[in-house]
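> Next come the chains, spelled out residue by residue.
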Amino acid sequence: MFIRMIGKAFFRQWKKMTMIALTIALGASLATAMLSVMIDVEDKINQELKVYGANIKVVPKDTSVIDELYDVGDENISGAYLKEDELGKIKTIFWAFNIVDYAPFINTDAKLSDGTKVDVTGTWFNHHMDLPTGEELDAGIASLRSWWDITEGEWLDEQGNEDPYRAMAGAGIAEREGISAGDIISVEGAGGSVMLTVVGIFDAGGEEDDIIYVPVDVAQEIGGLEGRIDSIEVSALTTPDNDLARKAAQDPSSLSVAQYETWYCTAYVSSICYQIEEVITDSVASAVRQVADSEGQILKKTKLLMILITILSMIGAALGICNLVTASVMERSQEIGLMKAIGAHNGAITGLILAEIMCTAVAGGVTGFFAGLGFAQIIGHSVFASSITMRPMVIPLVAVLVVLVTLIGSIPAIRLLLGLKPTEVLHGK
Amino acid sequence: MSLLELKNVSKIYGDLHALDHVNIKVEKGEWLAIMGPSGSGKSTMMNIIGALDKATEGEILLDGEDIAKKSAAALTDIRRDKIGLIFQQFHLVSYLTAVENVMLAQYYHSLPDEKEALEALDRVGLAGRAKHYPSQLSGGEQQRVCVARALINYPEIILADEPTGNLDEANEEIVVEMFNKLHNEGTTLVVVTHNPEVAEVAQRTIVLRNGRVDHETVNENFTGKIKHITLM
Numbered sequence: 001m002f003i004r005m006i007g008k009a010f011f012r013q014w015k016k017m018t019m020i021a022l023t024i025a026l027g028a029s030l031a032t033a034m035l036s037v038m039i040d041v042e043d044k045i046n047q048e049l050k051v052y053g054a055n056i057k058v059v060p061k062d063t064s065v066i067d068e069l070y071d072v073g074d075e076n077i078s079g080a081y082l083k084e085d086e087l088g089k090i091k092t093i094f095w096a097f098n099i100v101d102y103a104p105f106i107n108t109d110a111k112l113s114d115g116t117k118v119d120v121t122g123t124w125f126n127h128h129m130d131l132p133t134g135e136e137l138d139a140g141i142a143s144l145r146s147w148w149d150i151t152e153g154e155w156l157d158e159q160g161n162e163d164p165y166r167a168m169a170g171a172g173i174a175e176r177e178g179i180s181a182g183d184i185i186s187v188e189g190a191g192g193s194v195m196l197t198v199v200g201i202f203d204a205g206g207e208e209d210d211i212i213y214v215p216v217d218v219a220q221e222i223g224g225l226e227g228r229i230d231s232i233e234v235s236a237l238t239t240p241d242n243d244l245a246r247k248a249a250q251d252p253s254s255l256s257v258a259q260y261e262t263w264y265c266t267a268y269v270s271s272i273c274y275q276i277e278e279v280i281t282d283s284v285a286s287a288v289r290q291v292a293d294s295e296g297q298i299l300k301k302t303k304l305l306m307i308l309i310t311i312l313s314m315i316g317a318a319l320g321i322c323n324l325v326t327a328s329v330m331e332r333s334q335e336i337g338l339m340k341a342i343g344a345h346n347g348a349i350t351g352l353i354l355a356e357i358m359c360t361a362v363a364g365g366v367t368g369f370f371a372g373l374g375f376a377q378i379i380g381h382s383v384f385a386s387s388i389t390m391r392p393m394v395i396p397l398v399a400v401l402v403v404l405v406t407l408i409g410s411i412p413a414i415r416l417l418l419g420l421k422p423t424e425v426l427h428g429k
Numbered sequence: 001m002s003l004l005e006l007k008n009v010s011k012i013y014g015d016l017h018a019l020d021h022v023n024i025k026v027e028k029g030e031w032l033a034i035m036g037p038s039g040s041g042k043s044t045m046m047n048i049i050g051a052l053d054k055a056t057e058g059e060i061l062l063d064g065e066d067i068a069k070k071s072a073a074a075l076t077d078i079r080r081d082k083i084g085l086i087f088q089q090f091h092l093v094s095y096l097t098a099v100e101n102v103m104l105a106q107y108y109h110s111l112p113d114e115k116e117a118l119e120a121l122d123r124v125g126l127a128g129r130a131k132h133y134p135s136q137l138s139g140g141e142q143q144r145v146c147v148a149r150a151l152i153n154y155p156e157i158i159l160a161d162e163p164t165g166n167l168d169e170a171n172e173e174i175v176v177e178m179f180n181k182l183h184n185e186g187t188t189l190v191v192v193t194h195n196p197e198v199a200e201v202a203q204r205t206i207v208l209r210n211g212r213v214d215h216e217t218v219n220e221n222f223t224g225k226i227k228h229i230t231l232m
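Protein chains in written order, with the numbering used here: chain A, 1 to 429; chain B, 1 to 232.
Here are the simulated DSBU-like pairs of lysine-lysine, each with C-alpha atoms no more than 30 Å apart in a straight line:
(1) B/K54 - A/K421
(2) B/K7 - B/K28
(3) B/K25 - A/K421
(4) A/K8 - B/K131
(5) B/K69 - B/K54
(6) A/K89 - A/K57
(7) A/K421 - B/K28
(8) A/K83 - A/K111
(9) A/K57 - A/K117
(10) A/K247 - A/K57
(11) A/K16 - A/K421
(12) B/K115 - A/K8
(13) A/K421 - B/K7
(14) B/K28 - B/K115
(15) A/K89 - A/K61
(16) B/K69 - B/K25
(17) B/K54 - B/K70
(18) A/K16 - B/K131
(19) B/K69 - B/K28
(20) A/K301 - A/K247
(21) A/K15 - B/K131
(22) A/K91 - A/K57
(23) B/K69 - A/K421
(24) A/K421 - A/K15
(25) B/K181 - B/K25
(26) A/K303 - A/K57
(27) A/K421 - B/K70
(28) B/K181 - B/K131
For the record, the hints were derived by calculation from the structure and aren't laboratory data.
When you get a sec, could you build the whole thing from the sequences and use the hints?
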């Protein structure tokens with residue numbers, strides 16, 4: 001009888017029920033889209049922010065100590081180096097999947113054929129690596145310095161040409177020395193002299209404009225520094241810091257075992273730094289705070305915005321449901337009064353009305369959920385130029401929200417229902 | 001012991017005494033009519049006897065139990081178990097068929113039983129209209145469905161509020177005839193009406209005026225049959 005009554009009530013009030021379902025569908029679709037994007041946005045925003053460069057820098061322990069004491073910046077006056085053959089290990093740490101790019105740097109002093117002193121930096125441009133895990137990786141400054149403006153020539157392609165003796169010159173030194181793309185320059189350092197073909201001139205808008213960039217091997221040959229690396233810049237997807245991460249960044253040994261496990265198994269920048277230090281001998285990895293903090297702030301604000309949109313959409317849905325369900329109960333006041341008159345308790349009638357609304361909510365919620373997945377993809381493609389991955393946890397979240405909003409939206413109608421007196425609705429008193 | 005007894009029952013709305021120290025007794029199996037002009041307190045009395053409303057003061061003994069001070073939930077149980085209600089406006093659920101309307105009372109009482117509901121409709125001569133919706137039934141037929149719904153849970157008392165108020169003469173006769181049948185089966189009937197023809201067929205008539213019992217008449221020639229008065 002209960003099901004029969006619900007079914008017939010649906011049929012009789014199909015217009016109102018359709019409106020309720022549409023209201024819920026609208027709220028659920030927005031909630032689904034926002035939650036899907038919000039949960040997936042961390043990766044998306046992190047990836048977007050990677051254009052601002054690396055967020056972790058790895059240097060030899062001694063260099064770090066001297067830099068802390070004397071603030072010497074990138075200059076390696078300690079004479080300590082990292083080992084080039086350990087670079088692949090960075091992609092073997094626990095959070096290897098979050099390491100999206102990295103590049104080593106080796107600086108050396110040299111002079112051009114006319115005796116002008118120049119800074120030569122060896123690095124990866126688009127270096128191909130076969131990792132110990134069996135994976136392959138293309139890494140280098142082509143993506144880590146994506147903001148460089150190539151004013152002449154092109155990016156140095158390490159994979160497309162067998163000749164390693166090529167270089168990219170900064171706009172500053174190129175202008176001073178009259179270097180153009182395609183020129184062959186002679187560079188002489190402590191390790192010997194090499195002839196380099198300049199394949200491109202770049203404008204970085206900073207100190208880098210006075211540097212000649214060459215592949216790592218070439219710089220090592222010029223400086224006589226075979227197998228040595230000054231620093232490594234790492235771009236990693238990270239989770240915004242919290243109190244635990246900040247405490248761990250100060251001193252991981254101060255953490256309890258449980259805190260340590262939580263911290264180690266979360267992609268905090270300090271946790272990733274710690275794991276890099278574990279695999280690179282005598283190294284200190286530290287966060288490039290400006291970038292890491294910006295990422296955290298943008299992520300936090302974006303998430304807050306999405307939470308607010310979700311809350312507002314659900315409040316809107318609740319208000320819509322409130323009006324529609326109240327109108328439905330008022331319309332059915334005689335029927336409800338009759339039920340009370342023939343012996344139905346408030347609980348039974350409330351159950352019946354809520355069951356009708358909940359069935360409608362389920363229909364609206366399911367429709368809204370799938371529509372929301374579509375909206376999420378539209379947002380993903382229009383904002384992040386990639387699809388949004390649907391996380392299973394969105395389903396229970398949306399279900400709970402739909403149920404809560406439906407119940408909250410039904411409260412005024414239920415209060416009205418409870419206050420209905422059979423004598424008033426049946427006799428019009 | 002009377003099935004229903006009102007002792008000094010009053011219902012007061014501000015300064016208005018809708019019922020003013022009313023004393024009434026209804027015996028088991030009796031057919032009582034309550035008459036009176038508009039505003040005399042008929043419907044108020046009906047609501048109080050039917051456990052739909054509470055009296056301001058006085059005792060209402062239904063089957064020996066004072067229901068005057070019962071909670072709203074307890075009054076709901078009393079309505080469900082002991083009282084069958086018939087309304088002037090029928091108050092059938094529009095989206096349920098005749099038999100489903102009868103089953104609705106069963107559902108809130110115990111368990112719906114379609115076979116029993118069909119038998120109840122058969123008793124009021126509507127077995128053939130069981131699957132019809134209220135909108136497909138005449139006023140008289142709707143009132144008979146209402147009677148079947150009131151009877152389905154075997155109540156101790158049937159309360160009918162202006163049961164023929166919306167019916168033509170032919171249907172009025174059918175409904176009164178049904179009441180007569182119920183009376184003959186031992187059902188206790190309290191019928192509120194402003195129609196003297198309907199009141200006359202009852203065993204006893206109480207006339208209310210200004211919330212008080214004005215007078216009471218006993219039908220010495222009780223037949224249970226309606227006698228229409230032809231106006232010249």
